[in-house]
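Asks: Make a model of the complete structure from these sequences and hints.
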Amino acid sequence: MSTALASPVEIIATDLTPYLGPNMARVAARMCAERATGRSDGTLTPGEVERALGMLRPMLRTLLGRARTDVVLLQLTQHLVRP
Amino acid sequence: MNQPLDPQRGAVAKGPAALLSAALAVTLVLSILEWTATGFGRTKVTSSVAVLVYLLAALGAWAGAAGFEPGDHLRRAWGLLSLANVALAAGRLLFPEQLLGLPDTSMVAWLRALATLLSNVLGVWGTALFALTWWRTGLPLPGSRRGKIAVGVLLTVLALAVPAPHLVESIRGALGGDPYAGAMAVGDASDAAVFLLIAPVFLTARALWGGSLSWPFGFLAASCACWLLLDASEFLGDIPGAPPWLAPAITAFLRTLACLLLAIAGLSHRMAIRSSASPVVRQA
Numbered sequence: 010m011s012t013a014l015a016s017p018v019e020i021i022a023t024d025l026t027p028y029l030g031p032n033m034a035r036v037a038a039r040m041c042a043e044r045a046t047g048r049s050d051g052t053l054t055p056g057e058v059e060r061a062l063g064m065l066r067p068m069l070r071t072l073l074g075r076a077r078t079d080v081v082l083l084q085l086t087q088h089l090v091r092p
Numbered sequence: 162m163n164q165p166l167d168p169q170r171g172a173v174a175k176g177p178a179a180l181l182s183a184a185l186a187v188t189l190v191l192s193i194l195e196w197t198a199t200g201f202g203r204t205k206v207t208s209s210v211a212v213l214v215y216l217l218a219a220l221g222a223w224a225g226a227a228g229f230e231p232g233d234h235l236r237r238a239w240g241l242l243s244l245a246n247v248a249l250a251a252g253r254l255l256f257p258e259q260l261l262g263l264p265d266t267s268m269v270a271w272l273r274a275l276a277t278l279l280s281n282v283l284g285v286w287g288t289a290l291f292a293l294t295w296w297r298t299g300l301p302l303p304g305s306r307r308g309k310i311a312v313g314v315l316l317t318v319l320a321l322a323v324p325a326p327h328l329v330e331s332i333r334g335a336l337g338g339d340p341y342a343g344a345m346a347v348g349d350a351s352d353a354a355v356f357l358l359i360a361p362v363f364l365t366a367r368a369l370w371g372g373s374l375s376w377p378f379g380f381l382a383a384s385c386a387c388w389l390l391l392d393a394s395e396f397l398g399d400i401p402g403a404p405p406w407l408a409p410a411i412t413a414f415l416r417t418l419a420c421l422l423l424a425i426a427g428l429s430h431r432m433a434i435r436s437s438a439s440p441v442v443r444q445a
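Going down the list, the protein sequences come from chains A and B.
In terms of the numbering used here, the first sequence opens at residue 10 and continues consecutively.
In terms of the numbering used here, the second sequence opens at residue 162 and continues consecutively.
Simulated from the structure, these hints should not be mistaken for lab results.
Certain hints may be false.
Stated by the list, open to error - Computed footprint of chain A on chain B, listed as stretches where at least three residues anywhere in the stretch have a Cβ under 8 Å from a Cβ of chain A:
#1 220-230
#2 233-243
#3 296-305
#4 364-371
Unchecked claim - Every beta carbon over 10 Å from chain A, so not counted as near; a handful from chain B, in silico:
#5 Ser209
#6 Pro264
#7 Trp286
#8 Leu319
#9 Gly402
Claimed, not checked - Using C-beta positions, here's what the derived DEER-type ranges look like:
#10 B/Leu321 with A/Gly56: 48 to 54 Å
#11 B/Ser305 with A/Arg48: 24 to 30 Å
#12 B/Pro264 with A/Arg75: 47 to 53 Å
#13 B/Leu397 with A/Glu19: 51 to 57 Å
#14 A/Arg48 with B/Gly299: 14 to 20 Å
#15 A/Arg48 with B/Arg306: 23 to 29 Å
#16 A/Pro31 with B/Arg333: 51 to 57 Å
#17 A/Gly56 with B/Ala178: 38 to 44 Å
#18 A/Gly63 with B/Ala403: 58 to 64 Å
#19 B/Ala410 with A/Thr52: 55 to 61 Å
#20 A/Arg75 with B/Ser208: 36 to 42 Å
#21 B/Ala179 with A/Arg66: 30 to 36 Å
#22 B/Trp196 with A/Glu19: 50 to 56 Å
#23 B/Lys205 with A/Gln87: 56 to 62 Å
Everything numeric in this text was worked out from a predicted model, so none of it was measured.
The beta-carbon is built from N, C-alpha and C at its ideal position, and this holds for glycine as well.
Replies: The structure is reproduced here in structure tokens:
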């Protein structure tokens, strides 16, 4: 069975859902992509992923603290590199 | 498939519900203890339960703070709420001729006033940090502008209307030279400030709905709402025909519930943070 690969924004939203809930995870993922790329099409190229994750850091640090933010972003990076 | 399977996710969703059930059960047991106590023992039981629940709230908030690193925004917020509840417990212990059997001297009155003042300042400061959390994330609050304004206006009117009569009474007492009345005036003003902060905390919980971080904000907003209802319940005594036991009974229940909701808010935040430390397992 062939399945389409999720886009980076979808992967970010999926990984954030357990903490932020589905609606806010989607908003946060789209917003970090927009801020990182300046585009509003919700896409990320591999080269833009690191910058997009950096945009998430202040929000996650406020809600989860610095130490846990590092863990979440590390997991996200791993998923984005090898989805 | 890019479907994450987090083994902790189910536990995180069940955890806050279990905490809420436990808090409600303990509230009921402690309230029944207070309701059924009679005579002189009633004052002792009420004071003991109050000190116990303030300390439980302090412990729960401390657990929330301990989940963060030094310098984190919400570590400070939880720490302040924990200290506020320690001060509340100290203030309750300083009631003359109750738990500690202290004499009714001006020294005791000043110490009690200081504890009340501290608890209020720390409580407002901590709650304000929670209210500012969403603004710090930089994310937009979901929902229509009209809906958010309606929630804000409703809670603001309640926040200002409920403590106002007490505040006027306390200011009159303070002007008469009673130090405890002065502290109570600060307390009533602090109540109004905390009630004003319910709206942003509630809207934060609603924005995060479906996620584990929604629970601590939801429980905290519910705790503040219980304090609001507790203040409002004191008017029950003024209603003609209302039984004399009704207002104290509701007050006892709401005070215990408010404290235990704060305790589980801290614990649920700790749980939400811990769940983020577990690796997310993905299927190939």
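Asks: For each hint, tell me whether it holds in the structure or not.
Replies: Verification of the hints:
no., hint, verdict
1, 220-230, "holds (count 3)"
2, 233-243, "holds (count 4)"
3, 296-305, "holds (count 6)"
4, 364-371, "holds (count 4)"
5, Ser209, "35 Å, holds"
6, Pro264, "46 Å, holds"
7, Trp286, "17 Å, holds"
8, Leu319, "27 Å, holds"
9, Gly402, "46 Å, holds"
10, B/Leu321 with A/Gly56: 48 to 54 Å, "53 Å, holds"
11, B/Ser305 with A/Arg48: 24 to 30 Å, "27 Å, holds"
12, B/Pro264 with A/Arg75: 47 to 53 Å, "49 Å, holds"
13, B/Leu397 with A/Glu19: 51 to 57 Å, "53 Å, holds"
14, A/Arg48 with B/Gly299: 14 to 20 Å, "19 Å, holds"
15, A/Arg48 with B/Arg306: 23 to 29 Å, "26 Å, holds"
16, A/Pro31 with B/Arg333: 51 to 57 Å, "52 Å, holds"
17, A/Gly56 with B/Ala178: 38 to 44 Å, "43 Å, holds"
18, A/Gly63 with B/Ala403: 58 to 64 Å, "59 Å, holds"
19, B/Ala410 with A/Thr52: 55 to 61 Å, "60 Å, holds"
20, A/Arg75 with B/Ser208: 36 to 42 Å, "41 Å, holds"
21, B/Ala179 with A/Arg66: 30 to 36 Å, "32 Å, holds"
22, B/Trp196 with A/Glu19: 50 to 56 Å, "54 Å, holds"
23, B/Lys205 with A/Gln87: 56 to 62 Å, "58 Å, holds"
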